[in-house]
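**Student:** Could you slot chain S onto chain F? The hints should help.
Respectively, the protein sequence lines represent chains F and S. Once you know that position 272 of the first sequence is 285 in the working numbering, the rest is easy, because the numbers rise by one and skip nothing. Once you know that position 293 of the second sequence is 499 in the working numbering, the rest is easy, because the numbers rise by one and skip nothing.
Certain hints may be false.
[Stated by the list, open to error] Residues from chain F that face chain S, not an exhaustive set, calculated with beta carbons under 8 Å:
no., residue
1, N71
2, T73
3, E77
4, M97
5, Q117
6, L152
7, V186
8, R198
9, A201
No lab work stands behind these hints, which were simulated from the structure alone. Cβ atoms here follow ideal geometry from the backbone N, Cα and C, with glycine treated the same way.
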Amino acid sequence: MTALSERRVAAHQGLDPRPDEVMTISASRLLEDGKVMFAGIGQPLVAAALARRRHAPNLTVILEGGMVGIHLMPGELPDSTNEMRAAIGAEMLTSATDIFLMAQRGFFDYGFLGVAQVDMFGNVNTSLIGDPSRPSVRLPGPGGANDILSMCNETVIVTNHEPRRFVERVDWVTSPGFLSGGDSRREAGLRHGGPSWVVTDLALLDFEDETRRMRLRSLQPGVEVHDVVAATGFELIIPEEVGVLDPVTEPELTLMRHLNGETASPIENGDHRAE
Amino acid sequence: MTALAFPGADTVAAREELERERRPRLDKTMSAAEAIRRFVCDADVIAVGGTNHARTPMALLAEVLRQGRSELSLARPLTCFEAELFIATGMAAKVVTSWVGIGHGWGLARVLREYVESGRIDYEEWSHLGLGLRYKAGAMGVPFLPSYTMMGSDLGRRLELAGVVCPYTGQTLYAVPSLNPDVALIHVQRADIYGNAQIDGYELMDADVARAARRLVISTEEIVDTDSLRLDPSRTTIPGFAVDAVVLQPLGAYPHECYGHYLADEEAFSSYMDAVRAGGSKGAREYVKALVAYPDHDSFLASVSQARIQKLTEDAKGMMPR
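Bound conformation, chain S alone:
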């Protein structure tokens, strides 16, 4: 296997595409439905922003489920139950990750287990830094980065990672192949209409994901004037020229958390996990069926107890350092 055997590892093609298809400074705001229709295709490698239950682009992912896609590869360093929605519905053919779990005491990812243990999903396991360096190489426009990550382990052996010899010291390191995902979905705290976006708290890998992605859809808690970004420009982690679409979506990561805005809704985790405990992947499919029956994220949110959402919001704001 060579590095190019990994989907999304063609950094030269990503660069050539970028030179052909610039993202001019235009108003990029649009609905989630339009953004997903225009920028997410069958067989795409999708980089899912955030990690675990932090800043998961839930509204955008739900729209992908609503419209339906096939043969997707989902890449995310720490994966939570969002991936199971794509696995159970047969939309995902592959998961690229360093970890999958539900969190909040819910233990192992049951649907993922069911599919991996019966050989029905292609599961590609990387180290956390391995996936981070794949995005970083993609963001830097180079085909690989050298690292000690995964050396000596069965992760590197199974992936058939190649070594690279340092021309100065003779030392051998792993050459971690780049990843320029076909499309990335990232949720942020604020952005302007051009896509200049600020992430509060932990950026995780999203600055690199945004630079590496061949198409980029961001959802944002709020849209602000460009002038207000100028007040704290070091917090702007995604430049507008990397962005294809800006979707205004308050509570866009719900039921996962968004730093400074709302905590994760553990009751919503329970309702998903209760469905899976009762019916395995069938339970997950029923959960998706109910989710996509709402025409959009706002109508899904309207079905949730507003008192609960208010509490998650107030608790998050109350935790902020001052």
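Isolated chain F, as found in the complex:
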């Protein structure tokens, strides 16, 4: 066991959540009741399901396949944004293009993105690693990510905190963050939105108002500033005051594992099938 993992277990009061679970729970806590969230498959959807059941029952979840107000069933979270499991029980089904036009119109409070690479200005790469004309790794590409980061009112980036992901400059700007910082996003014609938070297994980060450089705001429990610095491939803004996020709680962890289908029926009261 490394020193960091020992500190983590102590800080989470013996619960021992996995790093991805810590991250998903932190992301879910950012979601406010009554807002509209454009979610992707995986952690964003789990974060949304968790938030809806704990503190944000009126969170409306959008999927790029054309689904508005989706219904999330424990253990049956969809594998794709374009499949029956994602659509059954939705409040509305429209076209995929219409979903993104609603994003452009400004209806969506949050977008949630995962990344292959993110840089100090919140630019996101999910397209390729290496030389763009002859990449060493061809990745799946933007899907909805370019439009989400260009058009949602704010975008939360959720990713493991590793030097290979947190790079000085992304190999390819699939989805525009604050570009080269300062006013460059606005000068490129993007008048709205942008990355607001970066949630990782080590920390919660945001972007400084003037330079638009990534800034450490709070540490995950048990994590120290030097852990974050070591896992970041560029110079972060580190303010004098850095907060510490609340530890994961037992009810959060139990519910999340249930939603993920990892546990059968751990909920002590109420009808947990119905949302």
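**Tutor:** Relative to chain F, chain S alone:
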């Protein structure tokens, strides 16, 4: 590069062709073999309906593979392994998409990676809305639509997208060029013999794709009387006058899913991916060789466990809201 440098971006030519070649209200039912023979040509830009593993026109695509075509461009917003069958066999010269993956936990698209990373396929990457607006502009009969999509990103820079200045506000947006694909292949839940077609669940981009396409082949789970469409006309998303051919093909999206009819067959994904894991693109070619050895989709379906198909069908029907 101008917008016309993008294949399929000539909306004026698409309109002129439509004025010359109407699609009168006739019985358009025919076999997949006839539809593909008549309407899919070498070097076509093919718009593949559905997205990822939803309502993929698998029977029609398999018929294209069976007959063989060359220099194809495949356009689809979210692309699954169907594109790899065309890449591995050398029939596709170009992929136009916003995303390629296999899904169901199978991760990256290995054949696509092999070809892109060795520079053997032309890969054109758009945003999801970018491709959606290309179809929408094509469907509207205009050469471009203004949008914020891809601004500031390397997608727009690489595509050399041009800006357009709003004459009222002075604001600059990207001019997203239209796409009127040479042919579109779309699978639907039901249609009449004239091609009036209903899509259940998510239409994805298919209403626009159908209007934009210069030729349109639909496959359908069932053929119904026109009178039964009148019971729920708001669900009719494709008008018959946009359609060239209607192919009756139950399970026409198998092994992908069709909303309300059957779920995707994850075992079939596994058999494809096992072939690719073992032999890369050679494995994909062997998969295609076995697929096209069946004379048609029905005989391919007869080779699949009927109990499995029944379960996928029952599970899909059991999920429907009631």
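**Student:** Compare the structure with each hint and give your call.
**Tutor:** Evaluated hints:
Because the closest C-beta pair between N71 (chain F) and chain S is about 21 Å apart, greater than 8 Å, the hint is violated. Restraint check, T73 (chain F) versus chain S: the minimum CB separation of about 17 Å is more than 8 Å; hint violated. Given the 8 Å rule on beta carbons, the hint for E77 (chain F) holds: about 6 Å separates it from the nearest Cβ of chain S. About 6 Å separates the beta-carbon of M97 (chain F) from the nearest beta-carbon of chain S, less than 8 Å, and the hint is met.
This hint holds: Q117 (chain F) has a C-beta 6 Å from the nearest C-beta of chain S, less than the 8 Å allowed. A cut of 8 Å between beta carbons decides the hint on L152 (chain F): the least distance to chain S is about 7 Å, and the hint holds. At its closest, the beta carbon of V186 (chain F) sits 4 Å from a beta carbon of chain S; the interface hint therefore holds under the 8 Å criterion. Proximity of R198 (chain F) to chain S holds as hinted, the smallest CB-CB distance being about 6 Å (cut-off 8 Å).
For A201 (chain F), the interface hint holds, the least distance from its beta-carbon to any beta-carbon of chain S being 3 Å, beneath 8 Å.
Hint compliance for this structure: hints 1 and 2 are not met, and every other hint is.
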